[in-house]
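Make one complex out of these two single chains by using the hints.
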Amino acid sequence: MELYSDTYYIERIQAGDISSFACLIDKYSRQVHSLIFKLTRNREDTEELAQDVFMKVFRHLESFKGESSFSTWIYKIAYNTAISETRRRKLEFLAIEESLIENVSEEQIAHAMGQSDESEQIHRLEAALAMLPPDECAIILLFYMEEKSIDEVSRITGLSQSNVKTRLHRIRKKLFVLLNGMEE
Amino acid sequence: MNTNENDWLKGLFSRLPGEEPSASFREDMMKRIMAEAIRIKKRNERLGWLSVILASLVIVGLAIASLIYTGIPKITIRIPDLTTLSFYLFIGSLALILLTLDHYFRQAYKKKHQ
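So the sequences go chain by chain: A and B.
For what it's worth, my numbering labels the leading residue of the first sequence as 290, then goes sequentially.
For what it's worth, my numbering labels the leading residue of the second sequence as 2, then goes sequentially.
So here's chain B without its partners, still in its complex pose (with noise of 0.2 Å):
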């Protein structure tokens, strides 16, 4: 049977008209497919954002819950003891002079070795 030559019936069934589509069909039927792909790419959109914006709510939870319930240490700042910041400052600007004094007499000195 898979092989149907010399097959009387095969002869009739080949002559059988077969049915046309309509004229507008090519043009009607790729308006609809281009309005589905439209429509599919806005789901595909929809669905990211969606997938995006659960995803944030669930990070953004669970750093909540972890910070109420798993004990992280709660931060704190702590201010220097601001009395000795003027001895700081002296330090650091002595520092500040002496190194500029010593780029200009290296390249006064380079200067006149050339």
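Looking at chain A on its own, in the form it has when it is part of the complex (with noise of 0.2 Å):
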């Protein structure tokens, strides 16, 4: 239960109550940990980028004014702030066939899901998460892990509303393939 909102502790810090911050480092860190973490795939970038994202929101507080959630704000700005670093990495991924995209059967796959283990099936989920780019991999955690909504997801990465669930529908299909291609 939260004793406290967002903007309570924001208040506090914009008063001069700088302790303040540290609830909500421990509140965020671990969403945006994760979310670094799965776009980067690298633990050592992942705790100096999640430390930088924390910075900009600390030097950028006075600029938040409230027209989107204070978690909607950190998620963008982790969002682009993991983005950027991928960018400058020059990662490559993998391509997949347009063909393959649209002939994937989602009921199949549930289907060959359901029978494997637990494990199993999120060692698959995080292995064909690896192989999506960090863009499209981004859309897919701020929708199912993170559970955001299409408006939120939009506001996150800077896509309109119809991109996200076009590029969602799009990145699923994506997600099947290559579950499917683990299965065989």
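If you are wondering where the hints come from, they were derived from the structure by calculation, not from laboratory data.
Keep in mind the model is a prediction, meaning the values are calculated, not measured.
Even glycine gets a Cβ: it sits at the ideal position worked out from N, Cα and C.
The reader is advised that the hints may include incorrect statements.
Stated by the list, open to error - Taking beta-carbon pairs under 10 Å as the criterion, some of the chain A residues facing chain B (in silico):
#1 G305
#2 L324
#3 R348
#4 F465
Said to hold, decoys possible - Over the 12 Å line for every Cβ pair with chain A, so calculated as not near, a few chain B residues:
#5 E21
#6 M31
#7 S52
#8 L97
#9 Q115
Set out below in structure tokens:
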């Protein structure tokens, strides 16, 4: 149960109580770490980038006007930081043929996945996510793992809502192809 | 797509393990934040001083420019004629003596009639 809202802590920090920032770190450090790690796939970089995210949050807290929730704002900063890092490292990702994406059957994969045990399913999903480009990985993680709405994903990534929907549909299919590939 | 209930992927994603920050993350982060807060405070103080100094220089500059270019009359102090000073001193002291006498007489009159 939350004792105080994010707005309360932000107001305290803006009033000069810097120690209140620790509460925001406690609340969001796990989510920020998870998102960055799943996009960069590097534990050392994750720690450093997460620190950069919180430093950016602290420096720009004055400019946070509450137009979106604080959670969305911090995810946006984490997303941009992680994506910039992956672009800087110029990582290469698997290209999947259009015909494979179009012909994949969700029911078949769901059924096949259901046959394997839970840890195996998680392992396969993590491996499939690692093969997705970071921006696509971020969209699907934000929607499914962080349980963000389409509107929130749109605000975090800077894409339009319709674009998020289209891309989400496509990424799901791509993920099914990758999971299917692992089944075979 | 807004609601993703009954989606098997949702169930699978919910079981994905999250990434835990290191044990010292909070402490390290707060040290950096405190150092940053001090840096921002010092920078703001320096900016404050700089703006006050600049504003003062602009005001002094404008004052000098106005004195030089806008033809404000020069300030001159006129010294009065000192030959009449003794006369004014005599009149002043006479008025003071009369006022003092008036004060004492009034007090004596009040005592007498109480």
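The hints, checked one at a time:
no., hint, in the structure
1, G305, "9 Å, holds"
2, L324, "8 Å, holds"
3, R348, "7 Å, holds"
4, F465, "9 Å, holds"
5, E21, "6 Å, violated"
6, M31, "6 Å, violated"
7, S52, "18 Å, holds"
8, L97, "62 Å, holds"
9, Q115, "68 Å, holds"
This entry does not satisfy hints 5, 6, going by the numbered hints stated previously.
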